[in-house]
Amino acid sequence: MRWINKIPERPAAILLAALPFLAIFLAYAIASDIRLEANPQDKLLPAPSTIVETAQRLFTEPDRRSKEILLWNDTLASLGRLAAGVGIAATLSLAIGLAVGLLPYARSTLSSVIAVLSMVPPLALLPILFIVFGLGETSKIVLIVIGITPFMTRDLAQRVLEIPHEQIVKAQTLGASSAVIAMRVALPQVLPRLISNVRLSLGSAWLFLIAAEAVASNVGLGYRIFLVRRYLAMDVILTYVMWITVLAFLIDWLLKNLSRRAFPWMEAGL
Amino acid sequence: MSFVTVSNLWQRYGTRSILERVNVDIHEGEFISIVGASGCGKSTFLRMLLAQEQPYRGEIRIDGGTPAREPNLERGVVFQKYSVFPHLSVRDNLIAAESFNTPFGRLSRNARKAAGRRADDMLERIGLNHVAHQYPASLSGGMQQRLAIGQAMNAKPRILLLDEPFGALDPGTRLQMHDFLMELRDETNMTVFMVTHDLQEGFKLGDRVLVFDKPRWDPHDPGRYGATITYDFDARDGGIPFQMKEETDVSE
Ligand SMILES: Nc1ncnc2c1ncn2[C@@H]1O[C@H](COP(=O)(O)OP(=O)(O)OP(=O)(O)O)[C@@H](O)[C@H]1O
Ligand SMILES: [Mg+2]
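As you go down the protein sequences, you meet chains A and B in turn. The letter at position 123 of the first sequence is residue 123 when you use the working numbering, and the numbering goes up by one with no holes. The letter at position 192 of the second sequence is residue 192 when you use the working numbering, and the numbering goes up by one with no holes.
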């Protein structure tokens, strides 16, 4: 039988999925062991047990000075910025995408400028943002917005254009105005796409968030990682990295389920 | 008295002529079948009846009114596919025929109830009450077209335009759809234009069958001349040609 036709059974499939994780863990554990054997003071690859201890401490023990648990503060601050940035970007891209997709005048005016703007590397704008908006929350949120809005807008506009023209004509024969066509025909059909766009953009959003926090901040997951880097606190960094991964995974999972629940018509044909 | 008046209609895309000198008068309540070779401009003619595009020359008037510049409530349409809204349930698709004609596309609670009752009546008529709450994608092709026709009728258009509405259906379903359409028509006496590739279907359903073809043909430049109505058959009793359209055009 050809390899393309060989499909793993259920238990084998799960085992296969777990294999890479195990391999990574083992490789790390062995490498860490070798280094610690040579030099017990080594900080580069802390033992897995050390990381677990550190994680426990970070999640539960309050800071000596501020009496607050820093990790939760960092998490709240970062998630707040992420939500604000992604929320604003999603709203903007939806409004502009609908306009560009439905209105020839908006398309003529905006489509080239969006195409050019989406080529600007957002991180290169970071200094400008800090100068214009200061070092506070605004500049970080704006960076996320600038970073992901053009891509989402282009995709949503494209999606609106892909709605069969027959539907748009049909709506007109039912007496629908431009606004009603936007709200009742186009919007519901691109909302699922908006969610999948948000899922795709979250990776970049995290990148921009951590970059902005690393440069100027006093709280936040990215800020903490770059702060403890000075002490070579690999155990803290690794804990934070894993925590960010878990958060990203959870958000993605939530969005996926939201999409499935909110748009039952998407799966009606399957 | 002519209800739909098509006078000296031309259409061209770039330098390609698609239709030329189309003249026809339609009476209220007539069922017009439109046939012709693929690519001869039948859908183009329908799009102009729909006011989805403007003629190059000439005009179309309904009941003597001013020619429309965009699709509106006067014209209902059913395409071969994509005529219903995939994100609305079957029942909501019918209610949309009333709610879309409001400023926000939504009805007040009482109006919605009334529209819901009318939708239920229509569901009964088109035989879809057992799937009222399903989404169109889960319906068969015939059911989707029945829904599309019901939806168009619910908006009470003055003319109904059908572009190969049964083109994608199997022969059995097609026959059922014929019965369904004839019933609906007997009840409403609506003026219908239907493009079809099936001559038999055209003669069976239509009161008149219009044949589109190119009367002139330039072998060096096929896009030079457009198609027009070359035959206009009376299809009520077996289809005897009662006029050669081309001749009347030349004499005018
Ligand atoms: N928007 C357009 N721009 C340029 N050419 C077009 C446009 N719409 C249609 N045409 C051309 O006009 C001709 C007639 O098209 P139309 O769709 O009306 O044919 P039809 O008779 O409906 O054919 P079919 O039976 O295959 O549906 C075709 O050659 C088509 O390529
Ligand atoms: Mg056609």
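No lab work stands behind these hints: they were computed from the structure. It is possible that some hints are incorrect.
Stated by the list, open to error - Each pair of labels, with its calculated beta carbon distance range:
hint, chain 1, residue 1, chain 2, residue 2, range
1, B, 124, A, 245, 51 to 59 Å
2, B, 15, A, 249, 52 to 60 Å
3, A, 203, B, 137, 29 to 37 Å
4, A, 203, B, 225, 52 to 60 Å
5, B, 112, A, 127, 49 to 57 Å
6, B, 110, A, 262, 23 to 31 Å
7, A, 87, B, 13, 54 to 62 Å
8, B, 69, A, 79, 46 to 54 Å
9, A, 262, B, 179, 49 to 57 Å
10, A, 62, B, 102, 52 to 60 Å
What the hints assert, rightly or not - Simulated coverage check for chain B against chain A, where a stretch passes if three residues somewhere in it have a Cβ under 8 Å from a Cβ of chain A:
hint, segment
11, 65 to 75
12, 91 to 103
13, 150 to 158
What the hints assert, rightly or not - A short list of chain B residues far from chain A (calculated; beta carbon distances all over 12 Å):
hint, residue
14, 135
15, 138
16, 178
17, 224
This one's a predicted model, so the numbers in the text were calculated from it and none came from an experiment. Beta carbons: idealized from backbone N, C-alpha and C, even for Gly.
Results of checking the hints against the structure:
1. B/124 / A/245: 51 to 59 Å: 56 Å, holds
2. B/15 / A/249: 52 to 60 Å: Since residue 15 of chain B and residue 249 of chain A have Cβ atoms about 58 Å apart, the given range 52 to 60 Å holds.
3. A/203 / B/137: 29 to 37 Å: Given about 31 Å between the Cβ atoms, the range holds.
4. A/203 / B/225: 52 to 60 Å: About 58 Å separates the Cβ atoms of residue 203 of chain A and residue 225 of chain B, which means 52 to 60 Å holds.
5. B/112 / A/127: 49 to 57 Å: 55 Å, holds
6. B/110 / A/262: 23 to 31 Å: 28 Å, holds
7. A/87 / B/13: 54 to 62 Å: 45 Å, violated
8. B/69 / A/79: 46 to 54 Å: Holds, since residue 69 of chain B and residue 79 of chain A (Cβ atoms, about 51 Å apart) stay within the stated range.
9. A/262 / B/179: 49 to 57 Å: 39 Å, violated
10. A/62 / B/102: 52 to 60 Å: With a Cβ separation near 57 Å, residue 62 of chain A and residue 102 of chain B satisfy 52 to 60 Å, so the hint holds.
11. 65 to 75: holds (count 5)
12. 91 to 103: Coverage by chain A holds for the segment 91 to 103 of chain B (7 residues, Cβ < 8 Å).
13. 150 to 158: It holds: at least three residues are needed, and the segment 150 to 158 of chain B offers 4 whose Cβ sits within less than 8 Å of chain A.
14. 135: The assertion about residue 135 of chain B is violated, with a minimum of 4 Å to chain A.
15. 138: 5 Å, violated
16. 178: 22 Å, holds
17. 224: 29 Å, holds
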